[in-house]
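Trainee: As a plain string of letters, each chain reads:
There are 2 protein chains.
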Amino acid sequence: MRVYEINDHIKKYSFGEVFQTDTVVIKGKEIKEQPLEFLKKTLNNQFLYILDDEDIVYGLGENVRGINKRGWIYESFCTDEFSHLPNKKSLYGAHNFLIVYGKETFGIFLDYPGRAIFDVDYSKRNELKITTEDDNLDIYIIKGKNLNNIVQNFRNLIGESYVPPKWAFGYQQCRWSYKNEEEVEEVLDNFKANNIPIDCIYLDIDYMEDFKDFTVNKKNFPNFKSFIEKMKKKGVRLIPIIDAGVKIEEGYDVYEEGIKNKYFCVDENNNPFVAAVWPGVVHFPDFLNKDARLWFGKKYKYLIDQGIEGFWNDMNEPAIFYSKKGLEKAFKKIEEAKGKNLGIYDFFDIKDTFPRLANSMEDYRSFYHNVDGTLVRHDKVHNLYGYNMTRAASEGFDYIDDNKRFLLFSRASMIGMHRYGGIWTGDNTSSFEHLELNMKMMPSLNMCGFMYIGADTAGFGDNTTDDLAIRWSQFSIFTPLFRNHSALGTRRQEPYAFDGKATEIIKNSIEIRYALIPYIYSEFMKATINNDMYFKPMTFEYNDSFVNRIEDQLIVGDSIMIAPIYKQNAKGRYIYLPEEMLLWKAKKYHSEEFEIINKGHSYIDVAIDEIPIFIRKDKILVLEKPAENIDSMKNNEINIVAFLDKESEYKLYDDDGKSKDYKKGKYNEINIKVINKNNDIEVKIDVKGNTSINKINVTAITLDGKRILKEVILN
Amino acid sequence: MRVYEINDHIKKYSFGEVFQTDTVVIKGKEIKEQPLEFLKKTLNNQFLYILDDEDIVYGLGENVRGINKRGWIYESFCTDEFSHLPNKKSLYGAHNFLIVYGKETFGIFLDYPGRAIFDVDYSKRNELKITTEDDNLDIYIIKGKNLNNIVQNFRNLIGESYVPPKWAFGYQQCRWSYKNEEEVEEVLDNFKANNIPIDCIYLDIDYMEDFKDFTVNKKNFPNFKSFIEKMKKKGVRLIPIIDAGVKIEEGYDVYEEGIKNKYFCVDENNNPFVAAVWPGVVHFPDFLNKDARLWFGKKYKYLIDQGIEGFWNDMNEPAIFYSKKGLEKAFKKIEEAKGKNLGIYDFFDIKDTFPRLANSMEDYRSFYHNVDGTLVRHDKVHNLYGYNMTRAASEGFDYIDDNKRFLLFSRASMIGMHRYGGIWTGDNTSSFEHLELNMKMMPSLNMCGFMYIGADTAGFGDNTTDDLAIRWSQFSIFTPLFRNHSALGTRRQEPYAFDGKATEIIKNSIEIRYALIPYIYSEFMKATINNDMYFKPMTFEYNDSFVNRIEDQLIVGDSIMIAPIYKQNAKGRYIYLPEEMLLWKAKKYHSEEFEIINKGHSYIDVAIDEIPIFIRKDKILVLEKPAENIDSMKNNEINIVAFLDKESEYKLYDDDGKSKDYKKGKYNEINIKVINKNNDIEVKIDVKGNTSINKINVTAITLDGKRILKEVILN
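So the sequence lines, in the order shown, correspond to chains V and U.
Throughout the first sequence, residue numbering follows this note's numbering, covering 1 to 715 in sequence.
Throughout the second sequence, residue numbering follows this note's numbering, covering 1 to 715 in sequence.
Hints are computed from structural coordinates only; laboratory data are not their basis.
This structure is a prediction, so every number in the text was calculated from the model and none was measured.
For glycine and all other residues, C-beta sits at the position ideal for the given N, C-alpha and C.
Calculated cross-link-like contacts (lysine-lysine; reagent style BS3-like; alpha-carbon spacing at most 30 Å): (1) V:K634 to V:K501; (2) U:K585 to V:K599; (3) V:K88 to U:K507; (4) U:K501 to V:K40; (5) U:K695 to U:K706; (6) V:K571 to U:K124; (7) V:K298 to V:K380; (8) V:K646 to V:K617; (9) U:K219 to U:K232; (10) U:K688 to U:K658; (11) U:K179 to V:K340; (12) V:K124 to U:K501; (13) U:K145 to U:K599; (14) V:K145 to V:K617; (15) U:K88 to V:K567; (16) U:K179 to U:K232; (17) U:K338 to V:K351; (18) V:K88 to U:K501; (19) U:K325 to V:K338; (20) V:K145 to V:K673; (21) V:K332 to U:K351; (22) V:K124 to V:K41; (23) U:K351 to V:K380; (24) V:K340 to U:K260; (25) U:K340 to V:K262; (26) U:K340 to V:K260.
A few chain V residues that face chain U, going by a derived Cβ cut-off under 8 Å, partial list only: (27) W72; (28) F331; (29) D462.
Only chain V is shown next, with the shape it has when bound in the complex:
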């Protein structure tokens, strides 16, 4: 073991020959060996910590079950897992960061690209056990003065998170698939006819020619460039999907170049590995090979040159439907069984033969990456694949325009990828259970550095219901990525696909999202720049023993708390407030009914058209009149609501929304102070940088329910 001091808060303990994942951005310096803190190394690949009965375990990013991870066993091994049930151990991401909170409070980060298992009080009472497949890993112990600070220290270790353009905070519509220009236009027309704001329409796999990356189906999109231009004029950007696998097809440039330059993963005989995904048989670009990565990244230019400004990277666990070898074996097995007198277990074996081909460990163990000339077997570095596909894209974008922010998010991920793109949480289903899971995943992902995140609103697989679509939209208005997406063959779930009442409610929710943009963008950017969290469990903000139990209320940004409705037919819900808060049951962006809810437990009525938003004491919520898309928002007049005890303060961040200049300090901040002066308020405004905002309408509600209005004109 070698020990490194990263800084005052973090120590690294290094075992064996560590594969460089590039997740950590601070090297630290080696110090003399000292025992591992908190954890006990019990076997070669195993670390143990004994939890106290009352300890909570946070973290593990995109995963099943609660915010408190106790009581289950999780595996970090990026998996194309469409069912997301609580019996699963692994979803699409590998997020090896967790925090033990309680008797002792500390963070653990396992920098390891292979399969890691986190048994959190599941196999044995109170045991937190981390197991890896081999002994080559770095383990970091992260301390801090509180939960938020531990996250900040960890996030500092792994570097600043990806920031999308501001228009990516608008509403986005997807479906597998809008197949041609007419269908895309029809979708947009429906939004316009219903006056529903929208910023992006997605192109799922069918926009391509035979599912080939960096091609466009010419029959369905005959004038792609001008179509993109036309749609942009109408106010929406098109976001195409890019899959990991490259179709094997002679004459197809990506394939030909990959073969010629040996940019594909290889099998044990050094031939390009053959698997099948959407395009049929493919090779996998070797994203761990720097040259291949750069090559693939530059390929995005083909679409960017036509006006595309955002992408979603998919199937990059990598998902494998079958490998060539696997399929041959399967056919052989079935052939041998034919005509035989099958016992029932033989039949089950036959039945499962083809389904078992997908994402098999046998396949993951049978291909290799070329890492600086050395062949590395895929399964040992599996979790790096989606990460480095997204890094490829990001590096490609930098190559094309290094100061432009592109929209980019991925299905597979590992910590480290958070610097290059966001995440959507993969192929969920239309169920209230998955809305609940969506809510619980969000803060865990923030802990791990993933800031631009969201789930398929209303559910991807299966048929949604109108109340699910409503309740999910009402939650997703708070997620940075707010995208409605549904699978082939399911009920249509665009906001206008429901009856008048549901459509109206979803429309109102989307308008509230746009009204919240000044707040959401400001909070997202501040959290990202400061390595802070945008979604927080209650415990991260309140030192109150009851809040530790809460799994279904979240702090969103600094000013508000939300308590989503996630049960069918629900007309209200219970909440717990650690202090009094101002409840806005938002029905429309301009509805202005507020209610003070006392500290403690309450049941609140929440009608189907209401979104409960709680403004915290001495905090400020910022709103603006919505527009048909982000670019059309005037950004000159804002409304603020202060729940005022003594003094509410808010720092409203904004920037150009397009460039990376914010990294050089080029952004503006309006510091707003609302001070309680008995029966009046004083409003102090301090502007840093250039802002287009020239008027602030202040609504202050005092603890005794008094409403004081004020208009402030900025010079």
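Fit chain U to the known structure of chain V by using the hints.
Mentor: Just chain U now, with coordinates in the frame of chain V:
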């Protein structure tokens, strides 16, 4: 349409040529045609009702989603559906009874043995739409003075529910499978070593010889009769499974007799239909053929003669793994695909070829029943199959001993079967979601006449966790059927399979179950005899607008309300009380800490070892000291807890627990009255019939929290 008046509350509307399901036991008399009440017939096979926004829809028995069925589409078509997810439309049962509650309140029963679809405010807002596959059906409209009364009137229409022997209310242990005598004994020894009460151990499919019904594997159970006897002496009864399919094997008596007498379902060429289930290829007994039904029913004698007193009927939807024809086609299809250049959708088709064979409509449409000489295609009467398998068993039992109560329950069911056996809710999974579903299904099943019911405690499929096993056991102590069951390959989940703490808690829960036996049995029997419900949604007892929203508290019997914990890591929960109640957080059967909870909303702490039981005002809970099994309970001294305002009254029912003499009025009742006399209580006891109870220890808690104790000796 022909209209019948059944009685003052019920009218029958008869369409087409109705297949006699024998579900209804009251014929009624034809009256002159009059329009269908409440419903509108919109198409030939379609009935419509427009719901009010606030209406609740109860019923549909064993189904997914909430107690309020609004917002989804359900199909009555008994299905071997092991995943039970909210996206499913059909589980194992077909329970076509529902109640609309609200603006208008009435019950609907659809007497129809084929596929029926209930679209409850799903496809179109506020539309309740019932669709059948053809126009031959009876529809009943049931009125009553309130929800309970509508259920009573419906239950009166369909006849008295099945009653098991009293020992079937003890704890029961199952696993797929305890394979031989040694393993069964080991299970029992573990219970005894841990002093955990138990009444039954189950034998899953592996006890048979090659999965053949009415055979016993002689290698694993060489002395079955004496082994049953030995186990009975040790205090447990063995409960074997019986599957629907009869193995095709020359020389096997059941097969030979079935062939000889044409007792099997036939294909379109009048040859016995061949499908495969556990035994490999089988024929299906034709339970709709009266002679075949009686023949099969008498076969249970083989096991009864060896000392068996209870059975569970499985695979009787009937589940089909594949049919002979289907399998041949599948192999052919795969063969043709081999070596071809597969498109990805071709591959998916290949992949699904074998899995698609299970329970295919093509198969259900390709076999026939002989109903009084007429061939009836199976799919048209599908829901009658499990019903009539269980009826076969019940009629067989009557033939063997018509006054003995046997334990009998089934996986597939239709209303009508409730007279012959109970239900377990099939192959659920070890998830908190399924514990929640279990809770919600119970009152809906009671509405449909199924009284002896329960789910696989701790979950059948997937690995359980210790807190799930605890929380589920804490709920199941209230279900008439309390059985822990788990699948092959999953983590062991017998109470002793966890660590000391979890085992202790589950043991305490089981002891509390036995302590509650006087109450549970009394309430079960009274509800069954009076066509009342044992599990009720809150709305059925309280006229309070808030209770309509409650989906996670249940009235159990007349005296108590329960509020189960069904979330991982939960340390408490919210409750709503429509009136003040006395909370007993039961840790051990003899723990005696009570707390009065006020009317309204509360959050209650519930530690992992506590079961919250709420005693209603002026009601009485009855307890007895637990024993190692039901037969060993002394039944001479009981403890009662009264939550006393003015006067608490309870009618304690008991009978011999073995015979059907209760139907002739041979049972005993102790009428207990506890009267508040300021600082004292008066206890009045009135005994009808012979009771072994000679002492009653009374604990009365008054509204102001005073505890008054009294002992009453019975003459």
